[in-house]
Amino acid sequence: GQQLNQSPQSMFIQEGEDVSMNCTSSSIFNTWLWYKQEPGEGPVLLIALYKAGELTSNGRLTAQFGITRKDSFLNISASIPSDVGIYFCAGHGRAQGGSEKLVFGKGTKLTVNP
Amino acid sequence: DGGITQSPKYLFRKEGQNVTLSCEQNLNHDAMYWYRQDPGQGLRLIYYSQIVNDFQKGDIAEGYSVSREKKESFPLTVTSAQKNPTAFYLCASSDRGAWDGYTFGSGTRLTVV
Chain Z
1 GQQLNQSPQS MFIQEGEDVS MNCTSSSIFN TWLWYKQEPG EGPVLLIALY
51 KAGELTSNGR LTAQFGITRK DSFLNISASI PSDVGIYFCA GHGRAQGGSE
101 KLVFGKGTKL TVNP
Chain V
1 DGGITQSPKY LFRKEGQNVT LSCEQNLNHD AMYWYRQDPG QGLRLIYYSQ
51 IVNDFQKGDI AEGYSVSREK KESFPLTVTS AQKNPTAFYL CASSDRGAWD
101 GYTFGSGTRL TVV
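Taken in order, these protein sequences are the chains called Z and V. Under this note's numbering, think of the first position of the first sequence as 1, with each following residue one higher. Under this note's numbering, think of the first position of the second sequence as 1, with each following residue one higher.
Okay, chain Z solo, but in the shape it has when bound:
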């Protein structure tokens, strides 16, 4: 089945640093999504990207839909302690059999040291 390769697996940074993470796929996706999961909670949607080449910002977060439709990145600028959590990328595209499920990366665990 479709798989997403998300990297890095984990990051340990100092408060104020910028963060970058990315996802790549061997398959084309029509939509890329980025979620954040805080400890003990469900993932929450941060940014949705619908068009190849699209660059979208949400506060200190910026995400891009790769021009090949096989990759996406998420940047966080000037990190703060509340950025701690697991960040998941997800791709949406018609899978085998017509099922329209999201495909998730394995997550990037972010730790921010004050």
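Careful, some of the hints might be misleading.
As the list claims (entries may be wrong) - Quick look at which bits of chain Z chain V covers, simulated, 3 or more residues with Cβ under 8 angstroms:
hint, stretch
1, 11-24
2, 38-51
3, 103-111
Claimed, not checked - Below, a list of computed lysine-lysine pairs in the DSS-like style, where the Cα atoms sit at most 30 angstroms apart:
hint, chain 1, residue 1, chain 2, residue 2
4, V, K83, Z, K106
5, V, K70, V, K57
6, V, K9, Z, K106
7, V, K57, V, K9
8, V, K71, V, K9
9, V, K57, Z, K109
10, Z, K70, V, K57
11, V, K83, Z, K109
12, V, K9, Z, K109
13, Z, K106, V, K57
Calculated from the structure, these hints are not laboratory results. Ideal Cβ positions, reconstructed from N, Cα and C, are used throughout, including at glycine.
Position chain V against the provided structure of chain Z, taking the given hints into account.
Then chain V, alone, in the frame of chain Z:
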């Protein structure tokens, strides 16, 4: 406010007992999903349902069962056949096309002792 509710937040069960996790949504979403999350494993799909009275197995369905008798509800039963049931379980829902992604519940942490 519309949302998706999972209950209970924490659940403890003895080994060999079946247990049912509740998931209710009032978003009028057609599709609902169950995921299992273990440390370092990401999200693994257990079952999903795209319409009432229909559901399909995900990647790790063995030892689990579901029902979808109402649009709003998609309960998950963890049976005694599940070899390692202790995990964090997440329920999600979406419009059938899922173009806006999934809305997740806040999860249920199941501990089997």
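We went through each hint and held it up to the structure:
no.	hint	in the structure
1	11-24	violated (count 0)
2	38-51	holds (count 8)
3	103-111	holds (count 4)
4	V/K83 to Z/K106	holds (22 angstroms)
5	V/K70 to V/K57	holds (18 angstroms)
6	V/K9 to Z/K106	holds (23 angstroms)
7	V/K57 to V/K9	holds (24 angstroms)
8	V/K71 to V/K9	holds (22 angstroms)
9	V/K57 to Z/K109	holds (28 angstroms)
10	Z/K70 to V/K57	holds (26 angstroms)
11	V/K83 to Z/K109	holds (27 angstroms)
12	V/K9 to Z/K109	holds (22 angstroms)
13	Z/K106 to V/K57	holds (20 angstroms)
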